[in-house]
Amino acid sequence: GAVVSQHPSRVICKSGTSVKIECRSLDFQATTMFWYRQFPKQSLMLMATSNEGSKATYEQGVEKDKFLINHASLTLSTLTVTSAHPEDSSFYICSAAQGVKDNEQFFGPGTRLTVL
Amino acid sequence: AQSVTQLGSHVSVSEGALVLLRCNYSSSVPPYLFWYVQYPNQGLQLLLKYTTGATLVKGINGFEAEFKKSETSFHLTKPSAHMSDAAEYFCAVSDQAGTALIFGKGTTLSVSS
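Respectively, the protein sequence lines represent chains A and B. Last residue of the first sequence: 116 in this note's numbering, with the numbers rising by one and none dropped. Last residue of the second sequence: 113 in this note's numbering, with the numbers rising by one and none dropped.
Simulated from the structure, these hints should not be mistaken for lab results. Cβ atoms here follow ideal geometry from the backbone N, Cα and C, with glycine treated the same way. Keep in mind that the hints are not guaranteed to be accurate.
As the list claims (entries may be wrong) - One-sided excerpt, in silico: chain B residues whose CB lies under 10 Å from chain A:
1) 20
2) 49
3) 94
4) 105
Stated by the list, open to error - Pair ranges (Cβ atoms, derived):
5) A:17 x B:62: 41 to 47 Å
6) B:20 x A:15: 40 to 46 Å
7) A:26 x B:95: 27 to 33 Å
Pulled out of the complex, with its shape left as it was, chain A reads as follows:
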């Protein structure tokens, strides 16, 4: 089956620093990748949609200058949280879509970000 990896799985950083999270589709080419954020005991909220070679589309209320998304290839998308603050602490999950068939997305294992 299709596998999506995320790195790192867990990161702790100081307030004001930037953190990069990688999302990779390991055995397929992902035309579209999605970034979600999940706060404790809550559901997943879409942050942005990323298509290879084009600018990401951000959801309302998500700051594009704070959450930088780069989708440089069909197997890699990165999310950089710039100047992180404690309120950015969350579980970040990416998903990758192989195509439009069935609209099935494959989810990464998530990255736990803790900002001190």
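On the provided structure of chain A, position chain B as indicated by the hints.
The following block gives chain B in isolation, referenced to the frame of chain A:
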């Protein structure tokens, strides 16, 4: 706009009992519907999905769900709960292929022995 409502944020059952997790959706077009399971500090695993065709969908681990258009529902069931089924369950919907999923708030399933 699409939305998903999961009735009951927490469901508790005994081992061997029927599991029923409720999901209602709103969509202006025929939807794609999904159920995912999430274990603590892990990503989401697809249980089953409905796209077109047969309205009763069978998934992994003995779960199944039935798409009922008239009731705008996609409830998840399992005849006999196992301890290993204890997890968070999310219902999700999308209205177009290639678009992001809209998730419900999730239901925590607890299974007691």
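Hints, one by one, checked against the model:
| no. | hint | verdict |
| --- | --- | --- |
| 1 | 20 | violated (20 Å) |
| 2 | 49 | holds (6 Å) |
| 3 | 94 | holds (5 Å) |
| 4 | 105 | holds (5 Å) |
| 5 | A:17 x B:62: 41 to 47 Å | holds (45 Å) |
| 6 | B:20 x A:15: 40 to 46 Å | holds (44 Å) |
| 7 | A:26 x B:95: 27 to 33 Å | holds (29 Å) |
This entry does not satisfy hint 1, going by the numbered hints stated previously; all others are met.
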